[in-house]
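Colleague: One letter stands for each residue in the lines below.
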Amino acid sequence: WPYCRKRCSYCNFNTYVVPAVDEAAVRACLVREARTLLRLSQLHSVSSVFFGGGTPSLASPGTVGAVLEAVAGAARLPAGAEVTLEANPSSTSTSRLAGFRAAGVNRLSIGVQSLDDAELRMLGREHTAAEARKAVEAARGLFPGRTSIDLLFGLPGQSRDAWAQRLEAALGLCDDHISLYQLTLERGTALAARVRGGALPAPPQDLLADMYQTARTALAAAGFRHYEVSNFARKGAVSTHNLSYWRAEQYIGVGPGAHGRFVPRGEGGHSREARVQTLEPVAWMREVQSQGHGTRSRVVLSPLEQLEELLALGLRTDEGVTHERWGHFSPQLSLPAVFGAPGEARALQQQGWLVLDSGGLRCTWAGLAVLDSLLPGLLCQLQR
Amino acid sequence: QEKLDMSTYPVESIRNFSIIAHVDHGKSTLADRLLEITGTISKTDRNKQVLDKLQVERERGITVKAQSASLFYNHEGINYLLNLIDTPGHVDFSYEVSRSLSACQGVILVVDANEGIQAQTVANFYLAFEAQLSIIPVINKIDLKNADPERVEKQIEKLFDIPTDECIRISAKQGTNVEKVLQNVIEKIPPPQCNPADPLKALVFDSTFDHYRGVVANIALFGGEIAKGHKIVSAHTKKRYEVNEVGILTPDEQPTHKLYAGQVGYLIAGMKEVAEAQVGDTLFLYKQPVEPLPGFKSAKPMVFAGMYPIDQTEYNNLKSALERLTLNDSSVTVHRDSSLALGAGWRLGFLGLLHMEVFNQRLEQEYNMSVILTAPTVPYKAVLSSAKLIKEYGKDQITIINPAQFPDKLSVSEYLEPTVLGTIVTPHEYIGKIITLCQDRRAVQKDMLYIDENRVMLKYLFPLNEIVVDFYDALKSLSSGYASFDYEDAGYQSADLIKMDILLNGNPVEELATIIHNDKAHAAGKLLCERLKETIPRQLFEIAIQAAIGKKIIARETLKAYRKNVVAKCYGGDITRRMKLLKRQAESKKLMRKIGNVEVPRDAFIRVLKREPDK
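The listed protein sequences derive, respectively, from chains A and B. Just so we're aligned: the first sequence equals residues 1 to 384 in full-length UniProt numbering. Just so we're aligned: the second sequence equals residues 1 to 615 in full-length UniProt numbering.
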């Protein structure tokens, strides 16, 4: 759902703030594109659905229901399949949430970001900390054990102590899943401009490293499993949908700017493609109306490129890249064949950043924090 | 192709002239206009820097190699042959300028109507004056808003003793008054004083290499005539050749039957390397030797740099690229060199830093080669006191061009450094800052004089190494671009020199080792360490960056290890972008140099030593 009521100061997503949305038209296009792409992929069943954006909680439950119906009609959507909706605290009243649940949503991800009003103002969020708390409580009531909250750390001017306080507050409030993101100052955003201009301090690298470690430790102590760079879950409440990205499974992106990775067997395709839908909603709708889908670009991924993606994404998880998953993309060359011989991976193992064993290839606790320093060398080794 | 008959141009109808000016004052544009007016090239909008044939010349807006063009012009009923000899405009190439001028009887001195007289205006004027050439002063860019031709005319009168009414005010860009310049060339510049009946005496003022035909030498005849079949000898190499072709340049090659005394053109005679036709050489007929033309000297390199292939597997490719590029540039000296860290390579000598940059750019553009360039050094000398070393080298004074060869203090009785006499022309408001800058560069003032109410000319004796890297930029920057600079060789002086090493986690970075004056070592070492800290990417361990003299550490910076380096979000929409960035990082990793376990970007050296990093 590519619409928001306002743009947050740090956001560089493909989202639009418009005075009015023709929901019926958008709904019809989402439904149509979902059907078209599902047919194109010839996939038999869908294991998870994720409503992202923008602010999906601004759409009506009717739209969510219509899309789910379309999906169920074009492929098998098992009763227990994970259906997540992203929501903003300012559009999550209990009655609204109940509406979404009735429409088929069974998991909620709330953009809390911070539990401090001053920080929320700096981030340009629409809600207060109190409103965020209420939203989480409401969500936990309707989606117990399946509510996730998003949190940011490393805000300009945020001290170690302030972060420790936020963490404690969040741990007191949260359900069983937390997505914890280091704030990235993206070029072109209002917040980045303020930091660049000197109005706000840029957070020092060491402080960010400390905050991350503090969080990891605190969450581990609270029983969370650190299953991806920025994602923590306890009692098994992982996000199935996101795991499919990191395991390089097939996924279909529906809606303006959505991304997909699948094999378009319906057109006679044999290879996994990287696909993006048209970014701008009006243009996207026109294309969906005339052609059934608004795919702006599709690029065939070479076997090497597929492996590179699997490597770069898989290593972000605690499970890493398993031998089976690797074998799916590289039947001839096993993980040990590529990374077991003397080379970059071996050196990184010796230095304690990486592990290659019967479970596959994965980062150590320390390695995960510096993954982007490990990847270029591993890519070189893979390319060779 | 029809050959031209040059005998229809008697000596009295010939004018040989050059255009001299400070950088960007409009020399090449004026040349374009002259070519158009005389019909040598057709008038189109695309005539820009016609005589600058090299890509690098066109991109940088400078003339690197001299070209010539023969123009035909009818004035008051007589057909004149006007030979325009283009000259390099940059300070590094003053020797070429002087050789080109020796083929002329006059010059057009172009001065920018707003900038007025600059350092190279002065330097070039003196070259022309010493050669006793007629000088036609031309004030250019009168079309621009800030033009003040009257002020410039006064400067010219004061500094060069040329009456203001001799100045011609033009706009080369628009063509205003350019015809008047041509008429002045005919009326004010004398024809050459020479005789076609004399024995052949030809000056080589440039040469280029053509793959099919060999060396093409630009020549000016001071006596006699030359044609296909003649047997000629080079005064410098003493080698003998048979002439295959002669002709004139318009500016493309146009073969002729003969060339006669007083005329300028080209010659092809089976020479295989441009070293066989060096700038300033004299050619004469076999068995009819003549007194060689004065002023010949072998190119003297001022700046040296080591050049190594990125990878030793590229050695042969780089070797042939260098051979082909130096075919066309005999002023680059080439010595084989090798380094423990970088493998087999070369130490090249250039006329100046610009020469080196242009050469490197041509290597990249014309031969697609990327190389590792080491610190620019100047040719230091050491007077040896150790009997062992004297025996080893066979002499007691050696020239050091590679820091690795720097002999220890204990084996040396004196170190010497090359110096230059620099001329700075500046508006007086910058004098204080410039004097400070020069003092900072260990320069000694030799002269200071006001050339008009506003502008001062300063002469300083500089150690050459103090100006080769960024003096010019510093000068421009603190004078808002108004100060100008030129220099000439001024011999050697005694100096307290040391060798400074740069270490990364204890391992020396050979390409950053420099020979430096003891007084400057600490500051230079500190600056180098700081810049390296900004250039080297953070790694998974801490990096100690140190500057050392022998075992003594004189400066240090620490680059801390990465404790967190992983992108926060990586979901569907982020993946493509992430992969693109990752692949770029993987590519640049392949090009990195490994010093111990530290990865250093290949161009770290250039970024670190060249100039202030852009903030």
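No wet-lab data here; the hints were simulated from the structure. There could be a bad hint or two in this list.
Quick list of in silico lysine-lysine cross-link-like pairs, DSS-like style, CA-CA up to 27 Å [stated by the list, open to error]:
| hint | chain 1 | residue 1 | chain 2 | residue 2 |
| --- | --- | --- | --- | --- |
| 1 | B | K552 | B | K381 |
| 2 | B | K158 | B | K533 |
| 3 | A | K235 | B | K381 |
| 4 | B | K381 | A | K6 |
| 5 | B | K173 | B | K476 |
| 6 | B | K533 | B | K551 |
Some chain B residues near chain A, calculated using beta-carbon distances under 10 Å [said to hold, decoys possible]:
| hint | residue |
| --- | --- |
| 7 | L159 |
| 8 | I162 |
| 9 | Q539 |
| 10 | F541 |
| 11 | R556 |
| 12 | K560 |
| 13 | N565 |
Glycine included, each C-beta is placed from N, C-alpha and C at the ideal position.
Colleague: Evaluate each hint against the coordinates.
Modeller: Now for the hints, and whether the structure bears them out:
1. Between K552 of chain B and K381 of chain B, the direct Cα distance comes to roughly 24 Å. Compliance with the 27 Å bound is thereby established for this hinted pair.
2. Restraint check: the Cα-Cα separation between K158 of chain B and K533 of chain B comes to about 51 Å, which exceeds 27 Å; the hinted pair is violated.
3. Pair hint K235 of chain A plus K381 of chain B does not hold up; C-alpha atoms about 76 Å apart against a cutoff of 27 Å.
4. Taken as a hint, the K381 of chain B and K6 of chain A pair is broken in the structure, with Cα atoms around 71 Å apart against an allowance of 27 Å.
5. For the given pair, K173 of chain B sits about 25 Å from K476 of chain B by alpha-carbon distance, which is consistent with the 27 Å threshold.
6. Restraint check: the Cα-Cα separation between K533 of chain B and K551 of chain B comes to about 21 Å, which is no more than 27 Å; the hinted pair holds.
7. For L159 of chain B, the interface hint is violated, since its Cβ never comes within 10 Å of a Cβ in chain A; the closest pair sits about 49 Å apart.
8. The interface hint given for I162 of chain B is violated, since its Cβ lies 54 Å from the closest Cβ of chain A, which is over the 10 Å cut-off.
9. At a threshold of 10 Å, the smallest CB-CB gap from Q539 of chain B to chain A is about 7 Å, leaving the interface hint in force.
10. Given the 10 Å rule on beta carbons, the hint for F541 of chain B holds: about 8 Å separates it from the nearest Cβ of chain A.
11. Because the closest C-beta pair between R556 of chain B and chain A is about 20 Å apart, greater than 10 Å, the hint is violated.
12. Here the hint on K560 of chain B is kept, as its CB sits about 7 Å from the closest CB of chain A, short of 10 Å.
13. Restraint check, N565 of chain B versus chain A: the minimum CB separation of about 5 Å is within 10 Å; hint holds.
In this structure, the earlier hints numbered 2, 3, 4, 7, 8, 11 are contradicted, and the remaining ones agree with it.
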